[in-house]
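Note that the protein sequences, when read in sequence, are chains C and B.
The opening residue of the first sequence carries number 1 in the working numbering; numbering runs sequentially from there.
The opening residue of the second sequence carries number 1001 in the working numbering; numbering runs sequentially from there.
It should be emphasised that the hints constitute simulated quantities derived from the structure, not laboratory data.
Heads up, the beta-carbon is just placed ideally off N, CA and C, and yes, glycines get one too.
Careful: at least some of the hints might be erroneous.
As the list claims (entries may be wrong) - Here are the simulated distance ranges between beta carbons:
id	chain 1	residue 1	chain 2	residue 2	range
1	B	Phe-1247	C	Gly-235	20 to 26 angstroms
2	B	Gln-1013	C	Gln-65	55 to 61 angstroms
3	C	Pro-138	B	Glu-1246	17 to 23 angstroms
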Amino acid sequence: MSKAIPHGDIGRPASVVTEGSRVRWLLIGTAIAFLALFLVLPLVTVFVQAFAKGWEAYLAAFTEQDAHAAIRLTLIVAAIAVPFNVVFGIMASWAIAKFEFAGKNLLVTLIDLPFSVSPVVSGLIYVLVFGAQGLIGPWLIEHDIQIIFAVPGIVLATIFVTFPFVARQLIPLMQEQGTAEEEAALTLGASGWHAFRTVTLPNIRWGLLYSVLLCNARAMGEFGAVSVVSGHIRGLTNTLPLHVEILYNEYNFVASFAVASLLAGLALVTLAVKSGLEWRYSADIAAGARGH
Amino acid sequence: MAQSLRPRRRFRQPSVIPGFGLTLGYTLTCLGVIVLLPLAALVTRASGLGLSGIWDVATDPRVASALRVSFGVSLLAALTASVFGFLIAWVLTRYTFPGRKIVDAVVDLPFALPTAVAGIALASLYAPNGLVGAQLAKFGIEAAYTPVGIYIAMVFIGLPFAVRTVQPLIVEIDREIEEASATLGATRLHTLVRVVLPPLIPAVLTGFALAFARGVGEYGSIIFIAGNLPYVSEIAPLLIVIKLSEFDYGGACAIATIMLGISFVTLLAINLIQAWSRRRFGYV
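Make the full structure from the sequences, and use the hints.
Structure below.
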């Protein structure tokens, strides 16, 4: 995203195509102050509150059984949802980017749909299908299968909210790369799978890694959708964000912020790796900003 | 296209690349099971209520007030995010200053930080005894547990949308046009308002619509700071959760349908803006 600007004279104050230096510093100051107040301060607060009563209180938050269960569940959910969306994203972008077919734009729009649905509604629709009063709820009860208020529901809701992440990153990237290289590999006798593994995959690896990173951050941090389908059963269906909520509502602020600091740490690592990838491989991650 | 030479349109143009059936089939199956089927369940349930049923729920005073809070505050927050988002995008692309790359990375923080974490952090910052809340209290402003708190949370989550939709277009502005404008005697402000700004308007509007849609649907970062007082600071997504916990599936579906309807209108608006932009300026 932070593309190099093709002109070299931007920093020069005397240029006619920039603002006076006083105006410039005023604007820079305003932008940084706004970001500091609205974005950085909340992040810092998480850590300040987490360590408000010292290291021991901080660490005590993680000795609880429920915290362990929440960490375990969050890891399990991400371990299912992220690979699922990676496979889906690769399949979808292969079909969409390598072929021309009718209704393609509609398909892309539908894949993007979960981004425009409120997290709470994302949870609700699964309750409507799998809940006790849901579409196939009675059948599930008869066969003693529990999806809502259980782990499968949490996994499904997480897959839904992260559904477009990998696909929407890879589709423009693969479209930009075209089909010439794959066609060459096929002409030389490679099988389709072989061509994908040795030609396509190396071409998209940075974009793929980038999208996996963002998908994972969302999968581990999802709150609204998961909260609706989870039922908040301590030790069983609580993910880390839900555990944060419970502790906070119990006025156990230090523990709540301690667990939150774990998620904030994950967000920071995600941002750092993401920015690193952008600085290094920006052309290999995203297709041109203007699309086609 | 070569297709016009053929007597009939084909569903797919011929290609030597294999795997079309497999990948498209898999894509459609996943899309159907994960996205379309559950959404259809909502539409079915809502159509069972009928328009009058949905209208009854929407005009219930508590629901109407929650919808008003959600949409009204989100509009204000998206407006704020658009103004400051534009400023931030401008500063990040046009000026060089120490730490610019870090500032650029910070913009994405709301994308990466889980909403519940942002929620409790904002709540503790803006609480009457919090760092910022105590300062605001001196001026008689109560942020936490009022719509002001909702506004702050919505600005937080909407900001990256506003910045990231405008930023790539500022990068691509042809600076020779600005030079021409300056050469022809326009002041810098005049150039900015009359030459630089107009082509950026579609992107600003798109960013605004995205931030607005996100704000309306947002839940996690708002509920902690909002205080959730019915008729005052209760948002529509929370009301869905409340209706669900009361097993009032019909009510929950009605509110969800109204919200979905609004986000589709927003999406449509974004598409229209981009179509208009393509005609007017030749790009999205």
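> Going through the earlier hints one by one, which of them does the structure break, listed in rising order?
Replying inline: none
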